[in-house]
Amino acid sequence: RTVPGELKWAASPSEGGWEEVSIMDEKNIPIRTYQVCNVLEPNQNNWLRTDWIPRSGAQRVYVEVKFTLRDCNSLPGVTGTCKETFNLYYHESNEDRESYIKENSFIKVDTVAADESFTQVDVGDRIMKLNTEVRDVKVTTRKGFYLAFQDVGACIALVSVRVFYKTCPLTVRNLATFPDTITGADTSSLVEVRGSCVNQSEEREEPKMYCGADGEWLVPIGGCLCNPGYEEKGGACKACSAGFYKAKSTDPGCAKCPPHSHSLRDGATVCDCHSGFFRADSDPPSMACTQPPSAPQQLISVVNETSVVLEWAPPHRLGGRSDTSYSLECLICQTGSHGHTGVRALPRNHSIAGLKTTRVVVSELRAHTHYTFIVHARNGVSQASGAGAAQSVSVSVTTNQATPSPVSFIQATDVTRHSLSLSWQQPDRPNGVILEYEVKFYEKDQRERSYRIMRTFSRSVDVTGLNPLTVYVFHVRARTAAGYGEFSTPFEFSTNSGGASTVKQSRTQRRRNILTQVLHKNIRTHGCCFSFSSFRSTCTSYMHTAKRHLHNICSYTTISHPPLHPSFSSLVSSPALASPTVAGVKIYVDPFTYEDPDQAIHEFAKEIDVSCIHIEKVIGMGEFGEVCSGRLRAQGKREIYVAIKSLKAGYSDKQRRDFLSEASIMGQFDHPNIIRLEGVVTRCKPLMIITEYMENGSLDAFLRKHDGQFTVIQLVGMLRGIASGMKYLSDMNYVHRDLAARNILVNSNLVCKVSDFGLSRVLEDDPEAAYTTRVRHIPIRWTAPEAIAYRKFTTASDVWSYGIVMWEVVSYGERPYWDMNNQDVIKAIEEGYRLPAPMDCPVVLHQLMLDCWERDRAERPTFSQILNMLDKLIRNPGTLQVCVSVIPEMCVPEWSLCEWLQSIGLERYRDTLAAAGYTSLDSLLALTHQ
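The numbering of the sequence shown is full-length UniProt numbering, which starts it at 1 and goes up by one.
Since the hints were derived computationally from the structure, they do not count as laboratory data.
Incorrect hints may appear among the rest.
Stated by the list, open to error - Derived DSS-like pairs: lysine-lysine, alpha-carbon spacing no greater than 30 angstroms straight-line:
1. Lys637 / Lys248
2. Lys637 / Lys685
3. Lys685 / Lys654
4. Lys83 / Lys66
5. Lys827 / Lys586
6. Lys586 / Lys256
7. Lys606 / Lys617
8. Lys238 / Lys256
9. Lys66 / Lys129
10. Lys83 / Lys8
11. Lys586 / Lys606
12. Lys872 / Lys827
13. Lys143 / Lys166
14. Lys606 / Lys208
15. Lys356 / Lys872
16. Lys8 / Lys27
17. Lys208 / Lys256
Said to hold, decoys possible - Simulated restraints, written as ranges between beta carbons of each label pair:
18. Glu603 / Arg908: 56 to 64 angstroms
19. Asp186 / Asn28: 39 to 47 angstroms
20. Arg194 / Lys233: 21 to 29 angstroms
21. Asp911 / Pro836: 19 to 27 angstroms
22. Gly354 / Gln411: 42 to 50 angstroms
23. Asp609 / Asp186: 26 to 34 angstroms
24. Ser93 / Ser14: 58 to 66 angstroms
25. Thr912 / Glu626: 50 to 58 angstroms
26. Asp840 / Arg317: 20 to 28 angstroms
27. Gly878 / Gln823: 40 to 48 angstroms
28. Asp110 / Glu639: 48 to 56 angstroms
29. Val433 / Phe487: 18 to 26 angstroms
Using N, Cα and C, we set each Cβ at its ideal position, and we do this for glycine too.
Model the full structure from these sequences, guided by the hints.
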């Protein structure tokens, strides 16, 4: 319609076929047409070809043809020669060089028929019955193409030929721009298009859409989020105006600045605090700016001898926060020095620098001493720059008279048939001038039904009139102007049968006195940090008495904890050192209580689409199949490395249930020292369990590989992580039953995590499965005696296993009980044998192992107590320096070599030692491991 002159399309034949003719349309507007009307002559073959049409990137073009066609019935005498159709062809070509029509090079598109035809009457009435037909052609191999129209005997006029292709137009969807995109070659094809984020936005998930064949956008996926400081408006990201902010891209939009803060510019990501207000590092941007608290109010004190009760009211102004805490500072005014020596504070659950309560008891102060106590109030912004010093209130008190503390140690000398001499040290806290001492004694068999009292001004006394060969119990207490203190703990001494003046004590009493002496020596030297060296199982029964006595002395919280050892600082920030906080009481649910195992697995574990898992390599073989490493890319989450357990083909229903039960168990746990379950694959084969990947593998193999390369404090850190995980399990009432170093996994940060929860039902399925018929399922070397003999599996039996794990860790993965067979191990334990300390093992660690291996399970420590003990060792690394490398001095009483060997069950080596020149206990001190 728009060409003013001739089109000059190629026609064949050039004469008598298609002719280019100008006609008037129904509005009397001239238009160009191509016409042919050779209806009287048979076998017509008239071709008309367009000019070369460049493809322009199109893969499918559409041809719209508008034409008129004469009804053959209105033409007399043309029966058999007149047609009412024409044919449409196309030919692809790289360039416009073809000046004539090659019919055989064209490909037929379709035969086109008219919906409406006209007659001679219509022409007279100037009625144009225009037909419109559209055909599509796939053009993908050349740069352009020709169209051709073949007339086979019709009376036809081409009024308009329009060639076009379709595109999906430029659009913005989910803050991503999608460009103008040409549709695909096929009518059903979808072209995937990646969008680009609009200005001031970032990808949330890769933005994609599909361009359909009809030019419509389909299936939007992903999108973008406006950057911090910007929000979405009209498909674009606009800056937050002054007074508003947006902290994260995931926030829904700009928010008004919280109270006591402001933003002065557009696009703020956080609002600045007003002068005098602050925000802590841990405060979210949405939180109002706050102030430090004012000073505590109404501090009052009540003095009770050498104890002071301090109480105060909360600050009048809390600063808009709820995290107010208090710290206590003690000033001894007589000396003008600050210090906390000898001061203890209660309650025990709070350190003195982070008290949440407004009441504290300070005890064990000096008598007749003037103290000033300062209580500081702090909150989360007290340490902020510009916040100023913490507000405080103080009170001064003077302590009263107090009775002396108990005498800590008594020793006997010059023991005869009817007398002995006693001596002792002054009490650690005399609380004044000692006026006299009182000695109470009685025969042990009388049990204090009949006793005698002696008084003396010195720290010694001669006791006479005693019966020969009799054990006596002695107590000593001191008196000041404030009165008598408490009696000491009992000390037992025996008179002899005559002869030389020697101290002849029972073996029991000698061991007890040695332990007590070392106990008090350690208390005076290290405060509450103590260690024991055992006489193997012989000393074990006295350890509990000594520890209970020590607990009475040390059961308080000191003013401040010593800092952690520097070599342990890398582990302190590890999540393994953070004790888990369990909201409410969460109890483990046995998945075998479910009739349908699939119900348990779907309740406790997340189903993962197998397409999200990429397996990289096989790293081992499990009981049920291969264990591989790989990567997991869940939708909307970052890719992580994982371990993948698979169930081998041909499994039975029981194997499937046992395999999935481990995932049902793991799925209930959430703790930094328990292996984390990522999910399961149960809807296709093979079945898979997906867990976090632990780079360093099992603990026993890892320690053997790095033998001797860690410090003691690092080994204790590993043990602390395992104990933390086991405490979590015991709190949930879960019994592991197979705790061993091989079932502890280690990640790249040396964090140890408890794994392998597959033994939870083995013993309950088979009453004969103790150790005879299915010994491979019962780890004899790690299992408590009552669990082997009576199948009594409890948290206490897990504690026994933990003691073996401690031994494995300190010995760098050595096999417990070495090459002894299982029956020999069972027999040795039954006879009282316990594993000796590994080389360079600190005394206190070996003693903790022995505590875990108590025959009576009620005497074993709980995991909570083990965890507290390890925390104390970490905070007081000096206690880890005493190693069981030689026989300690405390284990060398005045015995003969024969007596000592007999007491520890090794008398069969007497002759061997004697032959090597070892004839006394002193000579044994030269023995080495070699």
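Here is how each hint holds up against the structure:
no.: 1; hint: Lys637 / Lys248; in the structure: holds, 17 angstroms
no.: 2; hint: Lys637 / Lys685; in the structure: holds, 24 angstroms
no.: 3; hint: Lys685 / Lys654; in the structure: holds, 16 angstroms
no.: 4; hint: Lys83 / Lys66; in the structure: holds, 18 angstroms
no.: 5; hint: Lys827 / Lys586; in the structure: violated, 39 angstroms
no.: 6; hint: Lys586 / Lys256; in the structure: violated, 40 angstroms
no.: 7; hint: Lys606 / Lys617; in the structure: holds, 23 angstroms
no.: 8; hint: Lys238 / Lys256; in the structure: holds, 15 angstroms
no.: 9; hint: Lys66 / Lys129; in the structure: holds, 10 angstroms
no.: 10; hint: Lys83 / Lys8; in the structure: holds, 25 angstroms
no.: 11; hint: Lys586 / Lys606; in the structure: holds, 19 angstroms
no.: 12; hint: Lys872 / Lys827; in the structure: violated, 35 angstroms
no.: 13; hint: Lys143 / Lys166; in the structure: holds, 17 angstroms
no.: 14; hint: Lys606 / Lys208; in the structure: holds, 27 angstroms
no.: 15; hint: Lys356 / Lys872; in the structure: holds, 22 angstroms
no.: 16; hint: Lys8 / Lys27; in the structure: holds, 25 angstroms
no.: 17; hint: Lys208 / Lys256; in the structure: violated, 33 angstroms
no.: 18; hint: Glu603 / Arg908: 56 to 64 angstroms; in the structure: holds, 59 angstroms
no.: 19; hint: Asp186 / Asn28: 39 to 47 angstroms; in the structure: holds, 44 angstroms
no.: 20; hint: Arg194 / Lys233: 21 to 29 angstroms; in the structure: holds, 24 angstroms
no.: 21; hint: Asp911 / Pro836: 19 to 27 angstroms; in the structure: holds, 21 angstroms
no.: 22; hint: Gly354 / Gln411: 42 to 50 angstroms; in the structure: holds, 43 angstroms
no.: 23; hint: Asp609 / Asp186: 26 to 34 angstroms; in the structure: holds, 29 angstroms
no.: 24; hint: Ser93 / Ser14: 58 to 66 angstroms; in the structure: violated, 21 angstroms
no.: 25; hint: Thr912 / Glu626: 50 to 58 angstroms; in the structure: holds, 51 angstroms
no.: 26; hint: Asp840 / Arg317: 20 to 28 angstroms; in the structure: violated, 56 angstroms
no.: 27; hint: Gly878 / Gln823: 40 to 48 angstroms; in the structure: holds, 42 angstroms
no.: 28; hint: Asp110 / Glu639: 48 to 56 angstroms; in the structure: holds, 52 angstroms
no.: 29; hint: Val433 / Phe487: 18 to 26 angstroms; in the structure: holds, 20 angstroms
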